[in-house]
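Engineer: The primary structure of each chain is shown beneath.
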Amino acid sequence: MTTSGAEGILERVHEGVERAGEGDVIAFAAIVRDHQSMVFSIAYHFLRDRGLAEEMGQEVFLELHRNFRSIESPAHLVFWLRKVVVRRCIDQARRRAFWPKLRLDEVPEPAVAARESDPMLSRALARLVASLPEKPRMVVILRFQEDLDPADIAELLDMPVATVKSHLQRALAILREKLARTVGEIAI
Amino acid sequence: MSYLEEDLKAALRRVEAPEDFAQRVLARAASPEARPASWWKELGRLLRPPRVQWVALSVIASVLIPVAGTEYRKQRQVRIEGEMAKDRLVFAMRFAGVKLHHTQQKVLGLTQTDNRL
Chain A
0 MTTSGAEGIL
10 ERVHEGVERA
20 GEGDVIAFAA
30 IVRDHQSMVF
40 SIAYHFLRDR
50 GLAEEMGQEV
60 FLELHRNFRS
70 IESPAHLVFW
80 LRKVVVRRCI
90 DQARRRAFWP
100 KLRLDEVPEP
110 AVAARESDPM
120 LSRALARLVA
130 SLPEKPRMVV
140 ILRFQEDLDP
150 ADIAELLDMP
160 VATVKSHLQR
170 ALAILREKLA
180 RTVGEIAI
Chain B
0 MSYLEEDLKA
10 ALRRVEAPED
20 FAQRVLARAA
30 SPEARPASWW
40 KELGRLLRPP
50 RVQWVALSVI
60 ASVLIPVAGT
70 EYRKQRQVRI
80 EGEMAKDRLV
90 FAMRFAGVKL
100 HHTQQKVLGL
110 TQTDNRL
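In the order they appear, the protein sequences are chains A and B. Residues in the first sequence are numbered from 0 upward in steps of one, following numbering that gives the first Met the number 0. Residues in the second sequence are numbered from 0 upward in steps of one, following numbering that gives the first Met the number 0.
Simulated from the structure, these hints should not be mistaken for lab results. Since the structure is predicted, the reported quantities are computational estimates derived from the model, not experimental observations. Careful, some of the hints might be misleading.
[Stated by the list, open to error] Over 10 Å on every C-beta distance to chain B, these chain A residues come out as not near it, computed from the model:
no., residue
1, R49
2, E71
3, W79
4, R93
5, R175
[Said to hold, decoys possible] Derived contacts from chain A toward chain B, CB cut-off under 7 Å, selection only:
no., residue
6, R32
7, H64
8, F67
9, I70
10, I140
Each residue gets a CB set at the ideal place from its N, CA and C atoms; glycine is no exception.
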């Protein structure tokens, strides 16, 4: 993408933010379409429930609709959406104390040895991620889905960068160990 | 980046939201419930109990207010009568004190006269 092309898109997005803030439905719809995948995916990977993720995603955009005047820029819009969906996901998990935590030994084992970009491996990994505690789970999702740096994740989750790094390292160690065990069992 | 991290990227790649996601958001945003309520409406909503509670509150109030009023009037009457009785007692004691003083003076005067004689 050329620099002028990127600037053109940014300008269009900025205009959209301004127009949506003034009650322009078309501009708001365009913003929803541009960001629905990000919001829905964070909720879906965290909750592992499409219906719940869709409901939460809609709530996030409705909250955006109510607070549009507080949005200052396209970057602020993305940050705001991520922050709200992250907060809602963690609240949801806490509210539902009976939330059925997926036990690692309940994760279906892949039928064949794992290989890179194997869809079964991806599904197993996604479920392993869903079995992590709330904060490390969200750290992993933001790191690998949204490709955010630990500093950005720390800002979103209101925690020190060192804590984010610690969550990330521990989560990766757990995932590596469990995945190796699963794959090892299959190999035997 | 390790294999695990690459696998995680693949496992956690973004997924598409349902097709009619945006339309549903817009429909909900257009509905009156989605519009932000003013602070005074929110306050009114918080202070608005269900109808049954209003009825119960009215019944309790209609019983308690007359009882409380009657009791207050009784207490006030007792207090006024008490104050009057106290005033009368103080006056009687002062009067008796003055009389006693006069009598004592007279007795003292007679005693001194007897001594001189």
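Engineer: Hint by hint, work out which the structure violates, then give me just those numbers in ascending order.
Structural biologist: As far as the earlier hints go, 1, 5, 8 and 9 are violated by this structure, in ascending order.
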